[in-house]
Amino acid sequence: MLFYHNKMYKNLCKYQALIVPEGRLNCRNKIAGIFRLAFLCVLFLILLWGCTRDTQPLRVGTNVWPGYEPLYLARELKYFDNNILLVEYSSASDVIRGFRYNAIDAAALTMDEALLLIKDGYDITVVLAMDISSGGDVILGRSGLNKLSDIKGKRVGVEKTALGSYFFAIALETVGLKPSDTIPVNMEVDRHETALKTGIVDAVVTFEPVRIKLIAAGANVLFDSSQVYGAIVDVLVVHNDYLRKTPNNVNTLNALLEGWFKSLDYVHSNPQNAYKIMAEREGISKDEFVTALKGLHIPDIKENRTMLCGIKPTLLLTTNQMKRFMIANDLLQKDFNVNSIFDKCQINALKR
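For the working numbering, add 42 to where a residue sits in the sequence shown, where the first one is 1.
The set of hints was computed from the structure by calculation and includes no laboratory data. No incorrect hints appear here.
Restraint-style ranges between C-beta atoms, simulated for each label pair:
1. Tyr143 x Lys354: 30 to 36 Å
2. Ser382 x Ile257: 38 to 44 Å
3. Leu392 x Asp223: 44 to 50 Å
Ideal Cβ positions, reconstructed from N, Cα and C, are used throughout, including at glycine.
Kindly produce the complete structure, drawing on both the sequences and the hints.
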């Protein structure tokens with residue numbers, strides 16, 4: 043092989059000598075120049091390709107929950123371009139796993155779940171208050187369990203690492219109980235309906251659309267989030283690494299936020315069609331979906347600015363209260379500062 047290349051090199055030099063008389067050009071330098079030119083061409087193409095990739099898709103993960111449906115309505119109405127990708131998971135725990143393993147760049151979470159990410163060192167920003175639960179989160183019991191205190195010593199299905207743990211603890215506190223006074227069964231939400239119906243558990247800590255299905259099947263409401271209004275807030279968090287990669291990624295996030303509020307506008311102006319589209323995705327009837335929405339409050343852009351922006355965003359106060367409660371109940375092991383997650387106030391970039 044080496045012999046072949048040496049021979050080719052000599053032949054190229056001989057050929058050049060025929061074209062350029064008296065050796066006025068140095069053959070070695072000429073060939074080196076050709077290779078340098080080829081390298082520069084390749085480098086130029088790489089840089090050109092990189093310039094066309096200055097916007098990365100924004101992958102947004104959610105689980106099934108009526109409060110997140112305006113995102114999917116926005117997609118259905120084509121308010122999002124191809125740079126916004128919605129990824130639906132079967133449970134909140136799966137959403138967190140997806141975020142931890144970089145399968146998604148943004149996640150729809152409850153604030154307690156966001157705190158768990160911050161505790162583990164994830165650099166995130168809260169960019170949207172999506173909804174406040176006002177009855178949509180519940181503790182449901184089988185026939186024979188009529189009040190919350192009845193679940194003492196009973197098996198309770200609950201998502202141990204997600205919203206369920208926090209909601210379960212604050213609910214039990216209202217009747218002087220602790221989670222340890224029951225038999226918690228770690229169970230993700232896609233198993234709640236079957237588990238209660240078949241007697242695997244006596245009660246479940248759950249939410250829509252499972253709530254409405256189990257109530258229709260005869261389950262009793264033992265406690266709901268309207269009794270602790272403001273304690274459960276769903277937010278959209280974004281990994282700051284995504285925002286830092288390129289300025290155009292920030293524009294993509296702004297497009298997502300704009301699409302969210304356009305979707306809310308559509309719900310207000312065309313409620314029946316909007317409810318129909320969102321109910322079909324949730325797998326429930328339109329009337330059931332409307333009932334489910336009654337257990338939620340979805341903040342508009344003005345309320346979002348109050349909750350997320352300014353010197354004292356109102357959600358910061360709620361978040362610190364939740365953090366202290368979680369530390370006291372061993373849901374968090376140490377204290378940490380959460381102020382930075384509200385610093386950017388990305389929603390102020392929208393021209394609304």
